[in-house]
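From first to last, the protein sequence lines are chains B and Z. All residue numbers for the first sequence refer to this note's numbering, where the first residue is 382 and numbers rise by one. All residue numbers for the second sequence refer to this note's numbering, where the first residue is -7 and numbers rise by one.
Don't read these hints as lab results, they were simulated from the structure. A hint or two may mislead.
[What the hints assert, rightly or not] So these bits of chain Z aren't anywhere near chain B, every CB distance computed over 10 Å: (1) A32; (2) A34; (3) I39; (4) W41; (5) A90; (6) F117; (7) G129; (8) F259; (9) I266.
[What the hints assert, rightly or not] Footprint (simulated), chain B over chain Z, 3 or more residues, beta carbon under 8 Å: (10) 162 to 176; (11) 179 to 186.
[To be verified] Quick list of the computed label-pair ranges, beta carbon to beta carbon: (12) W178/Z - R474/B: 20 to 30 Å; (13) A463/B - Q161/Z: 22 to 32 Å; (14) I442/B - V269/Z: 45 to 55 Å; (15) K279/Z - E517/B: 12 to 22 Å; (16) A274/Z - P419/B: 35 to 45 Å; (17) D528/B - Q161/Z: 15 to 25 Å; (18) N502/B - V269/Z: 29 to 39 Å; (19) P419/B - F18/Z: 48 to 58 Å; (20) Q161/Z - F499/B: 23 to 33 Å; (21) E388/B - N105/Z: 44 to 54 Å; (22) W178/Z - N500/B: 13 to 23 Å.
Note that CB positions come from ideal geometry on N, CA and C, so glycine has one too.
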Amino acid sequence: MDKIVIENLNVQYADGTESLKNINLNVQAKQVTVLFGPAGGGKSTLLRTLNRLNDLANVHIQSGHVWMDDIDILDPDLNVIALRRKVGMVFSRPALLPLSIYENVAYGLRVAGENRRFNLNRVVEQSLRQAVLWDEVYDRLNDSAFDLSGGQQQRLCIARTLALEPEVIMLDEPTSALDPISTAKIESTMRELAANLTIIWAPHNTQQAARMADQAAFFMQGELIETGPAEQLFVLPQDKRTEDYIKGRFG
Amino acid sequence: MQKRIPFITSRRTQQFGYILLGLATFIVVLPIIILIIFVAAAGLPAISWEFLTAMPNDGMRAGGILPAILGTFYLTLGTALFAVPPGIAAAIYLAEYAPDNVWTRSIRIAMTNLAGIPSVVYGLFGLGLFVIFLKFGTSILAASLTLAIMTLPVIISTAEQAFRAVPIQFRTVSISLGATRWQTIWRVVLPESLPGIITGVILGLERAAGETAPILFTGATFFLPRLPNSPMDPTMALPYHLFVISTQVPGMPIHIQYGTVLVLLVFVLGMNLIAAVIRSRARARRKW
Chain B
382 MDKIVIENLN VQYADGTESL KNINLNVQAK QVTVLFGPAG GGKSTLLRTL NRLNDLANVH
442 IQSGHVWMDD IDILDPDLNV IALRRKVGMV FSRPALLPLS IYENVAYGLR VAGENRRFNL
502 NRVVEQSLRQ AVLWDEVYDR LNDSAFDLSG GQQQRLCIAR TLALEPEVIM LDEPTSALDP
562 ISTAKIESTM RELAANLTII WAPHNTQQAA RMADQAAFFM QGELIETGPA EQLFVLPQDK
622 RTEDYIKGRF G
Chain Z
-7 MQKRIPFITS RRTQQFGYIL LGLATFIVVL PIIILIIFVA AAGLPAISWE FLTAMPNDGM
53 RAGGILPAIL GTFYLTLGTA LFAVPPGIAA AIYLAEYAPD NVWTRSIRIA MTNLAGIPSV
113 VYGLFGLGLF VIFLKFGTSI LAASLTLAIM TLPVIISTAE QAFRAVPIQF RTVSISLGAT
173 RWQTIWRVVL PESLPGIITG VILGLERAAG ETAPILFTGA TFFLPRLPNS PMDPTMALPY
233 HLFVISTQVP GMPIHIQYGT VLVLLVFVLG MNLIAAVIRS RARARRKW
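Chain B extracted, bound-state conformation (with noise of 0.2 Å):
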């Protein structure tokens, strides 16, 4: 089932850096997407267009629609905070607010208007034990989320975007600054969360692309080269490009 359609997806920056060029792509539900391809091929972009962050910077064009659940996110008109609280996101750097633990993950909820204790507990609990990272941190939650070490910092931000109760989660390069032990945490978390969830993950090497997968998009120059099932594009790509960057001769 589609999660997310995308349809001739235009975008572009007012500076000229990263674009997206008539992009088409659907996005299914309870299944790991992984965009791959080499820096700058647009796949931030796509990802910022996801979740309207891409109303921070400054786009200079854009056209085309991106169908979720029927409806068009890119409609000016859209509730973009509930879309956001629909479309988690986890950036590459660990993305920390300077605030304790508990505060870091019950954001979402005090922002939109939650302050009841009971139910603050709960949630924070609860995430952070989705999130494997409860045992470790539940007797210092007042600490600052800065305490913690990198890997549990991207935990951190995967359980404040649990808190939400997203439908899609998507990770920018969520491993790039992490050891192999803290990654793989990550990674199997990640894989047990896409059981419920539709997961659309940007990694960092080909290697990771080729691990998580269910289904993957390779991106170049803001196209949108080749995409199909994981064991199909890893396997035989039928792009002379996409074969050239799994085989490591460019990239």
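On the provided structure of chain B, position chain Z as indicated by the hints.
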């Protein structure tokens, strides 16, 4: 062996450089140290409980300087009241909302220029606008408003810098979690920039507290037989009082003059010290 020689000389040169830089720093700091020691030595004999808490008498040649101390306190408070809220609001607008266009650029240019205007011009402006046109008379109100206008550019630009020092990443993350722009400012940007803002506010107020020219025509008075009891009253103030007793009163005991200088200096340096403590504390706590 020949290769070692330049290594040694370069190290000597470096040491010589350090000494030179250290010396230069010392020369810069020296006048301040001398000033403080000199004022403290000359002024301390005048300081007593009576000096700080009594009304002046005998044509200000004896007694205390309470009305001047209180007056400066009131004026500083009034300045803070009128300058801080609009100053921070303007900084929020400039740092967080204002697009980069001709309009906001001209606001910035105007602010830079305002900061460079001589304070006596502010005094005359205050006289024209607040004292005469708005009929506040020479009063604490008019003087505070004049000082506030003079202080605003300092507060706005330091607060704007404090906002800009908060990483963009925090804003992006906050927005991505469904926060509005205002919630992002209120919950993340403002708390993180508060120490910087407070420092800027204190430095601005400190300058206002020591100014004479802006209050000369708008609120300061030569001598008041009683303490001011409403914002519409004129007031004595330390800097102006100092000017008066140094130039206008014949036979003024020198130790009272230096005592007054000392009180003003402690008032201003005390505010500076508070700003420094806030800054270093915040820096120690900051983890990003």
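Far enough from chain B: is every CB of that chain over 10 Å from the CB of W41/Z?
Consistent with the label, W41/Z stays out of reach of chain B, its closest Cβ about 46 Å off (over 10 Å).
Check of the region 162 to 176 of chain Z against chain B for coverage (Cβ-Cβ below 8 Å, three residues minimum):
Answer holds; 12 residues pass the 8 Å Cβ test.
Supplied distance hint 22 to 32 Å, evaluated on CB atoms of A463/B and Q161/Z:
Roughly 23 Å apart at Cβ, these two residues keep to the hinted range, so it holds.
May I ask you to check that A32/Z keeps its beta-carbon over 10 Å from the closest beta-carbon of chain B?
41 Å, holds
Could you tell me whether the CB distance from I442/B to V269/Z stays inside 45 to 55 Å?
51 Å, holds
Verify this label for me: A90/Z is non-interface relative to chain B, using a Cβ-Cβ cutoff of 10 Å.
About 14 Å separates A90/Z from the closest Cβ of chain B, which puts it past 10 Å; holds.
Range hint compliance [Cβ, W178/Z to R474/B, 20 to 30 Å]:
24 Å, holds
Could you check the hint for me, namely that Q161/Z and F499/B are 23 to 33 Å apart, CB to CB?
32 Å, holds
Given the hint of 35 to 45 Å, check if A274/Z and P419/B actually sit that far apart at their C-beta atoms.
42 Å, holds
10 Å cut-off, C-beta based - I266/Z kept clear of every residue in chain B
Given a closest Cβ separation of 23 Å, the condition holds.
State, for the Cβ atoms of W178/Z and N500/B, whether the hinted interval 13 to 23 Å holds or is violated.
21 Å, holds
Over 10 Å from every CB of chain B: does I39/Z meet that, or does the non-interface label fail?
44 Å, holds
Every hint from the earlier list agrees with this structure, and none is contradicted.
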